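Undergrad: What follows is each chain in one-letter form.
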Amino acid sequence: MNRREALFSIGAAAAGAGIAGRASAAELRGVPAATAQTADHMPGPIVRGGDFKVFTDQTDHATLKAVFDRLIPSDDHGPSASEAGVLDFLDAQLAGPYGDGAAYYLEGPLQPGHEEEVMGQKQFLETPRQRYAKGLKALEQYAQDNDGASFAALSPDRIDEILTGMEAGRIDLPGGVFGQAFFELMLQNAREGYLSDPIYGGNRDFAGWTMIGFPGARYDYRAYVDRHNEDLALAPVSLIPSN
Amino acid sequence: MANWKKIGAGAGAIAAVAAIGAGTWAYETLETSRSDVADDNVTLATFEANPEAAERGEYVMRMGDCAACHTRGQGEMAGGYEIETPFGKLVSSNITPDTETGIGKMTERDFFNALRQGIGQHGLLYPAMPYTAYAKLTDADMHDLWAYMSTVEPVQNDIDENAGMPFPFNIRLAMAGWDMLFFKNEGFDGDPVADRGRYIVDGAGHCSACHSPRNILGAEQGSAYLHGANVDGWHAPDITSNAAMGVGGTSAEDLARYLGTGTDGVAVASGPMAEAVQHSLQYLTVDDRLAMANYLLSVEDSGAERTAPAKIADSAELAYEVNCSACHGLNGEGIVNAVPAFKGNNALLADPSSLIHVMLNGARAPYTEGARTAAGMPSFAWKMDDAQIASVLDYVRNSWGNQAAAIAPAKVGRMRETLGASQPISALPE
Chain A
1 MNRREALFSI GAAAAGAGIA GRASAAELRG VPAATAQTAD HMPGPIVRGG
51 DFKVFTDQTD HATLKAVFDR LIPSDDHGPS ASEAGVLDFL DAQLAGPYGD
101 GAAYYLEGPL QPGHEEEVMG QKQFLETPRQ RYAKGLKALE QYAQDNDGAS
151 FAALSPDRID EILTGMEAGR IDLPGGVFGQ AFFELMLQNA REGYLSDPIY
201 GGNRDFAGWT MIGFPGARYD YRAYVDRHNE DLALAPVSLI PSN
Chain B
1 MANWKKIGAG AGAIAAVAAI GAGTWAYETL ETSRSDVADD NVTLATFEAN
51 PEAAERGEYV MRMGDCAACH TRGQGEMAGG YEIETPFGKL VSSNITPDTE
101 TGIGKMTERD FFNALRQGIG QHGLLYPAMP YTAYAKLTDA DMHDLWAYMS
151 TVEPVQNDID ENAGMPFPFN IRLAMAGWDM LFFKNEGFDG DPVADRGRYI
201 VDGAGHCSAC HSPRNILGAE QGSAYLHGAN VDGWHAPDIT SNAAMGVGGT
251 SAEDLARYLG TGTDGVAVAS GPMAEAVQHS LQYLTVDDRL AMANYLLSVE
301 DSGAERTAPA KIADSAELAY EVNCSACHGL NGEGIVNAVP AFKGNNALLA
351 DPSSLIHVML NGARAPYTEG ARTAAGMPSF AWKMDDAQIA SVLDYVRNSW
401 GNQAAAIAPA KVGRMRETLG ASQPISALPE
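Quick note, the sequences are listed as chains A and B, same order. Yeah, the first sequence ends on 243 if you go by this note's numbering, and it's all consecutive. Yeah, the second sequence ends on 430 if you go by this note's numbering, and it's all consecutive.
Check before you lean on any hint, since a few could be wrong.
Unchecked claim - In silico SDA-like cross-links for lysine to any residue, where the CA-CA straight-line distance does not exceed 20 angstroms:
id: 1; chain 1: B; residue 1: Lys411; chain 2: A; residue 2: Ala36
id: 2; chain 1: A; residue 1: Lys134; chain 2: A; residue 2: Ala102
id: 3; chain 1: B; residue 1: Lys105; chain 2: B; residue 2: Val42
id: 4; chain 1: A; residue 1: Lys53; chain 2: B; residue 2: Glu430
id: 5; chain 1: A; residue 1: Lys53; chain 2: B; residue 2: Pro429
id: 6; chain 1: A; residue 1: Lys53; chain 2: B; residue 2: Leu428
id: 7; chain 1: B; residue 1: Lys343; chain 2: A; residue 2: Ala223
id: 8; chain 1: B; residue 1: Lys89; chain 2: B; residue 2: Gly420
Hints in this document: simulated from the structure, not taken from any laboratory. Computed from a predicted model, the values in this text were never measured in an experiment.
Produce the complete structure using the sequences and hints provided.
TA: Here it is as structure tokens:
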């Protein structure tokens with residue numbers, strides 16, 4: 001290592017305060033000078049909704065809408081899940097890496113037979129997209145078998161009854177669909193869609209954030225942290241400014 | 001480097017002037033008697049430097065910021081920095097003592113001719129090399145710099161400086177015309193010791209290369225000395241004693257601190273100035289930086305005045321709070337030694353190119369002994385469209401006592417294209 005390298009290395013720079021004269025200069029190494037957004041860090045486009053890529057089957061779409069609008073119905077607190085774009089949100093998610101199960105281990109169990117016991121919960125080899133494709137058809141089949149009608153045509157009370165039964169583990173669906181797990185998946189996704197940033201398609205017009213009083217993607221609350229017991233009236237803010 | 005478009009408009013004129021060829025003018029411009037003090041026998045590759053001279057020469061190299069253009073990832077001083085001009089691409093040369101691809105075969109006289117007169121070993125240099133400023137270097141500094149250059153590690157890196165220049169700009173002799181018009185073949189006209197500040201600013205420091213606007217042929221306008229100018233998508237601000245737009249309201253101590261650390265506690269250097277601070281100015285002695293500052297504060301007031309204010313959009317305050325205030329402060333106060341304040345920061349008020357530049361591509365403060373955060377400004381290109389960027393900058397430029405004209409969203413759009421910044425994701429197809 002020559003003198004220059006020694007001087008410029010980070011360690012020497014840290015110790016440089018004690019060095020007089022010309023040594024009192026330091027250059028940063030290993031930190032990129034450029035801070036421009038690179039292609040691999042670019043977020044995807046904003047989900048505007050309306051153009052379904054996954055829920056293209058009318059019956060599937062109607063079944064899911066019927067479920068979501070019972071999980072989050074339209075009422076005094078705000079619009080329903082479908083009105084707030086949650087189907088658009090989920091459609092976009094299922095069309096992407098989430099739908100592919102990109103984050104999941106999907107190679108199958110090494111020792112088949114007791115994976116549920118080992119993992120403590122039901123295990124799936126299907127991707128989320130496959131689970132919806134299968135689960136929505138199974139819900140429709142269940143309604144046809146038990147009520148002689150389409151699922152979407154059932155009364156709100158009847159839908160609640162089925163969903164409650166699934167949640168409690170009392171109802172499994174035709175074709176080997178585990179009712180409780182599918183219910184949990186739908187509930188989870190409905191919440192995510194209703195409460196995620198509007199750029200992902202749900203939470204349209206900040207319906208979800210307004211309902212719970214969440215001010216959104218703000219960076220810093222120091223201006224407010226000392227203001228107690230007052231309505232700060234903070235308007236929700238999206239990651240992407242809308243005006 | 002500045003105003004290349006304007007230079008392009010005058011390209012024809014350059015050719016015309018070149019055609020004038022060999023007159024008295026040419027003689028005065030190109031005669032090299034100033035280099036008589038230099039040895040013309042020993043080459044750089046074989047020169048045995050006095051270590052003390054070489055050490056003093058390293059300081060001259062720092063003042064001149066040779067590395068800014070000649071060290072670009074291909075080895076120390078090995079060249080390879082590509083400068084885009086409307087005439088084509090220029091590449092900085094290999095100035096290591098390598099005999100094949102560097103300047104190892106130059107004698108000290110050749111070196112003096114190149115540095116102070118732009119007369120290189122392959123023909124005349126392009127004025128992207130600031131020999132117009134280096135002409136002011138004293139013989140003593142030149143001898144020392146020569147000694148230092150002989151201690152640089154030779155690097156084999158073959159560079160064809162003007163291969164990217166189409167005809168007729170690849171003809172180096174055309175620069176004779178330019179030199180005749182704009183190059184003063186004269187040394188420093190004062191006492192380099194008593195006038196130390198001016199000697200550094202106008203000589204090795206070549207501050208005016210960026211901070212003075214250039215005429216249609218790319219020569220600095222003496223009448224607008226240090227009035228501020230645009231360079232490569234950045235605005236080098238007014239650094240005259242003007243208090244409204246320049247550095248006139250700053251103390252010499254604060255200005256010297258800026259030169260040494262990249263910040264005076266208000267502004268923070270970014271872009272090419274961050275590089276100049278990091279690679280050059282921070283290496284200067286406190287006395288030299290103070291001399292520079294005192295000189296700048298004595299430079300004749302540019303007379304620039306603040307323009308009429310822009311109307312601030314209703315949405316801009318929230319946009320500022322949400323996107324900017326965490327670092328730049330709700331009151332534009334910034335973070336001392338790390339993040340620029342907007343309050344009392346004159347550099348914001350003239351041409352907004354630098355502001356748009358950092359909004360689109362981000363920036364990093366220089367990393368210096370005195371200010372080590374090297375804070376990064378993230379890009380907002382993906383997030384804000386042209387109108388949103390213009391709007392939030394209008395807010396910054398017209399709050400906390402600032403006052404500046406509205407920014408046209410179309411200007412942001414043009415820079416977005418020029419800089420290759422991404423479109424906002426709101427504009428991407430689904």
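Undergrad: Which constraints among the numbered hints does this structure fail? Numbers only, ascending.
TA: none
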